[in-house]
Amino acid sequence: MIDFLVSYPLIGKCVDLILFMAGLAAVINLVTIARGKTLADRVIGLDALGTQVMALIVLYAFKHGTDLYMSAVLVISILSFVALVVWSKYIQQGNVVYPLKAPHKEKNSLHIEEGIWERTQAKDAEEKQKEVQKYE
Amino acid sequence: MSELFHGTQGADWMFELIICLFLVVGGIFCLGGSIGLLRFPDIYCKMQALSKPVTLGIFNLIIAYILFLLYAGIGLSMKGLLAVVFLLLTIPIGSHMIIKASYRSGVPIWTESLMDQLAPLHSREKDNPGAQIRAEVRKAPEDSLAQDIHSVRVFTDEDGQHAEPEDKKKP
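Residue numbers (this note's numbering), protein chains in the order written: chain Y, 1 to 136; chain D, 1 to 171.
Keep in mind that the hints are not guaranteed to be accurate.
Claimed, not checked - Computed list of chain D residues with no C-beta within reach of chain Y, every gap over 10 angstroms: (1) 3; (2) 23; (3) 33; (4) 72; (5) 112; (6) 113; (7) 117.
Unchecked claim - Some chain Y residues near chain D, calculated using beta-carbon distances under 7 angstroms: (8) 28; (9) 32; (10) 38; (11) 41; (12) 51; (13) 58; (14) 70; (15) 73; (16) 81; (17) 84; (18) 91; (19) 94; (20) 97; (21) 129.
It should be emphasised that the hints constitute simulated quantities derived from the structure, not laboratory data.
What you are looking at is a predicted structure, and each value in this text was computed from that prediction instead of being measured.
Where a beta carbon is used, it is the ideal one built from N, C-alpha and C, also for glycine.
Sequences are here, hints too, so could you generate the full structure?
Pasting the structure below:
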């Protein structure tokens, strides 16, 4: 077992304590995932579990004394974020890419009027004709 | 003192103490955020209790890691800085998306909560199943303060003018 912190006694003791705390937090997240009543409960618990695992990896990297393990931290964070985005889509619609339920339309949201492109084109054409007629 | 600290120069013991402080604070935040999941009554409260402290906790842990690698002479870890930036950006956004989705699907709010500022904007939509579900499920006890506040709601018509509030109760 590589222990880079043998020569740093105080930091070594702190890291051992924090390993215990982060592990306990991961177990508590598991309890929440098992006990959760709604779907969002469990999804948030999974994301937090991934974050606690990231904390454990960082503390493990303390002991080895290298920078190599942050790649795993980055990968886990990216995957958990993408999973949260996909879960949010799944909770609202039945599916992720195309909606199985009807999409809800907001009443006072920004909307584009029909025919506005043709009207602006016609206005520009009129103004251009007026300018041309001046020089004729 | 020489047994606990590795540094022999003047202020190296202070640097080690700072690293230990960052570590301990990060650990406390991670643990406290997870305990909040068990104690809070509602999914919306649980998100508050979880996303903020856990993000800050892991932020502190990675800062301690970067400082330790600087102190031990290994070098500045760029991957650590990248991880910190990415975590600070993505965890709050992801949790907010989950909560918005669960609100639209009709997850009920805790009955003792006083304010629902998103309800008047949400209930105007006809295709929204969450508003109908929430209107049925939400029932506050008669003695609580919540009933008086929630019975007064301001709706705006399509023209943007204020309509009269419904069910205005006077004490």
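Hint-by-hint comparison with the structure:
1. 3: Violated, since 7 angstroms does not exceed 10 angstroms.
2. 23: 5 angstroms, violated
3. 33: 7 angstroms, violated
4. 72: 7 angstroms, violated
5. 112: 17 angstroms, holds
6. 113: 16 angstroms, holds
7. 117: Nearest chain Y Cβ is 16 angstroms from residue 117 of chain D, so the label holds.
8. 28: 4 angstroms, holds
9. 32: This interface hint holds because 4 angstroms falls under the 7 angstroms limit.
10. 38: At about 5 angstroms, which falls below the 7 angstroms cut-off, the nearest Cβ of chain D leaves the hint on residue 38 of chain Y intact, so it holds.
11. 41: 6 angstroms, holds
12. 51: 5 angstroms, holds
13. 58: 5 angstroms, holds
14. 70: With a minimum Cβ separation of about 4 angstroms from chain D (threshold 7 angstroms), the hint on residue 70 of chain Y holds.
15. 73: 5 angstroms, holds
16. 81: Result: holds, 4 angstroms to nearest chain D Cβ.
17. 84: 3 angstroms, holds
18. 91: Holds, because the Cβ-Cβ distance from residue 91 of chain Y to chain D comes to roughly 4 angstroms (cut-off 7 angstroms).
19. 94: Nearest chain D Cβ about 11 angstroms off; hint violated.
20. 97: Since the shortest Cβ distance to chain D is 16 angstroms, the answer is violated.
21. 129: 38 angstroms, violated
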